[in-house]
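So you can see what is in the structure, the chains are spelled out below.
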Amino acid sequence: MKPCIKWVIFILLIILVGIQFIPADINKQEITPYTDIQYVYEVPKNVMSTLKTSCYDCHSNNTTYPFYSKIQPMRMLMDKHIREGKKELNFNEFGDYSERSKRNKLFSIRNQIKDDKMPLRSYILMHNEAKLSDDEKQLIYAWIANL
Amino acid sequence: MKNVGLIVMSLLVAGGFLLVTSCGDSQSSNDEKQSENIEQKNSSQQQEEVIENNNLSLILSSYFEMTESLFNDAAIDAAEASEKLRSSLDHFEDANLSENELEEVGEILESSIEHAEHISENAGDIHHQREHLVLLSLDIKDLIEIVGSDQKLYEAYCPMANNDKGAIWVTNKNEVENPYMGQGMPKCGKISSEIN
Chain Y
1 MKPCIKWVIF
11 ILLIILVGIQ
21 FIPADINKQE
31 ITPYTDIQYV
41 YEVPKNVMST
51 LKTSCYDCHS
61 NNTTYPFYSK
71 IQPMRMLMDK
81 HIREGKKELN
91 FNEFGDYSER
101 SKRNKLFSIR
111 NQIKDDKMPL
121 RSYILMHNEA
131 KLSDDEKQLI
141 YAWIANL
Chain F
1 MKNVGLIVMS
11 LLVAGGFLLV
21 TSCGDSQSSN
31 DEKQSENIEQ
41 KNSSQQQEEV
51 IENNNLSLIL
61 SSYFEMTESL
71 FNDAAIDAAE
81 ASEKLRSSLD
91 HFEDANLSEN
101 ELEEVGEILE
111 SSIEHAEHIS
121 ENAGDIHHQR
131 EHLVLLSLDI
141 KDLIEIVGSD
151 QKLYEAYCPM
161 ANNDKGAIWV
171 TNKNEVENPY
181 MGQGMPKCGK
191 ISSEIN
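Same order as they appear, the protein sequences are chains Y and F.
Following the numbering used here, the numbering of the first sequence begins with 1 at its first residue and continues without gaps.
Following the numbering used here, the numbering of the second sequence begins with 1 at its first residue and continues without gaps.
One chain only, chain Y, in its complex shape (with noise of 0.2 Å):
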């Protein structure tokens, strides 16, 4: 090998094992507040289901976290999936908002879903169980409708 190579090669496995040492932020709730939209509105076992199947790990306070997320730089990836997803929408704290924000993401979420925009095509890529399914986006529909 050439030694040039071998530098390339040196200089990247010491960034890979310095990149392992970033700070990870641990995104866990054991408990479910009572802000969480289920004591808000009432939703259907399966609506609830889908919701935690396909959103609840960006969207809420308690992230389950996959085998591979000890590893940088997915941590980071996840870590500012997350960040941003709760920002935007967090189902633990849905209680909180006022009514006209109740709106505005409830508007969202149907419209994101739609799009196809929701959840992440790299989410579903590594969670093949959170790609919703035709009717589960009706359920999730109709039950909006509904509220």
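What the hints contain is simulated information worked out from the structure, not anything from laboratory work.
Heads up, the beta-carbon is just placed ideally off N, CA and C, and yes, glycines get one too.
Careful, some of the hints might be misleading.
[Said to hold, decoys possible] List time: in silico SDA-like cross-link candidates among lysine to any residue, alpha-carbon distance up to 20 Å:
| hint | chain 1 | residue 1 | chain 2 | residue 2 |
| --- | --- | --- | --- | --- |
| 1 | F | K165 | Y | I113 |
| 2 | F | K165 | Y | L106 |
| 3 | Y | K102 | F | L109 |
| 4 | Y | K117 | F | N163 |
| 5 | Y | K117 | F | A123 |
| 6 | Y | K102 | F | K165 |
| 7 | Y | K87 | F | A95 |
| 8 | F | K165 | Y | K87 |
| 9 | Y | K117 | F | I126 |
| 10 | F | K165 | Y | N146 |
| 11 | Y | K137 | F | N163 |
| 12 | Y | K105 | F | E110 |
| 13 | Y | K80 | F | N122 |
| 14 | Y | K105 | F | D125 |
| 15 | F | K165 | Y | Y141 |
| 16 | Y | K105 | F | N122 |
| 17 | F | K165 | F | S192 |
| 18 | Y | K102 | F | E117 |
| 19 | Y | K102 | F | E103 |
| 20 | Y | K117 | F | E117 |
| 21 | Y | K102 | F | D150 |
| 22 | Y | K105 | F | E117 |
| 23 | Y | K137 | F | D164 |
| 24 | Y | K105 | F | S192 |
| 25 | Y | K114 | F | M160 |
| 26 | F | K165 | Y | Q138 |
[To be verified] Derived coverage of chain F by chain Y (criterion: at least 3 residues anywhere in the stretch with Cβ under 8 Å from a Cβ of chain Y; other residues may be distant):
| hint | segment |
| --- | --- |
| 27 | 109–117 |
| 28 | 122–136 |
Based on these hints, arrange chain F on the given structure of chain Y.
Leaving out everything else, chain F in the frame of chain Y:
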């Protein structure tokens, strides 16, 4: 070794200097902001109505600029106008509101700022911009109804917008220039009512 030491030392000094000056800057700009706020409050007490109308006028003019851009299918222009809208919403002040009105207006502003941000952050997705226009227009209409305006304002309605559920927008012209359909269907809809 000596050279490395010198370089590290000078980097530390430069870093420390930057830290101190940047802390200093934020302190003085905070003081400046405070005296600005006091000045604003004094002048607003002297010219209550003028400032109030100016505040809402600014919001309305940037909102109209944004809807006109959407009417012209110009997403980038709409994003820029929406940034102005967000800023004018952020600076909105009204000394004449009751406590209840203030609370409601606070919620309206919080909501409309969110919509304005989404519109300005999505210059590449006019569909998403139009989705947010639906609720933003409701917020703006509610704001006008509480604060009041000197301008003649109309509510326009498009039955096909918002996934065929229908949506309104606010306009100061008594004619239909549909921001939801754009140039594809510019005259779709009607002027449904006068707001003031």
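Broken hints, by number: Hints 7, 8, 21 and 24 not satisfied by this model.
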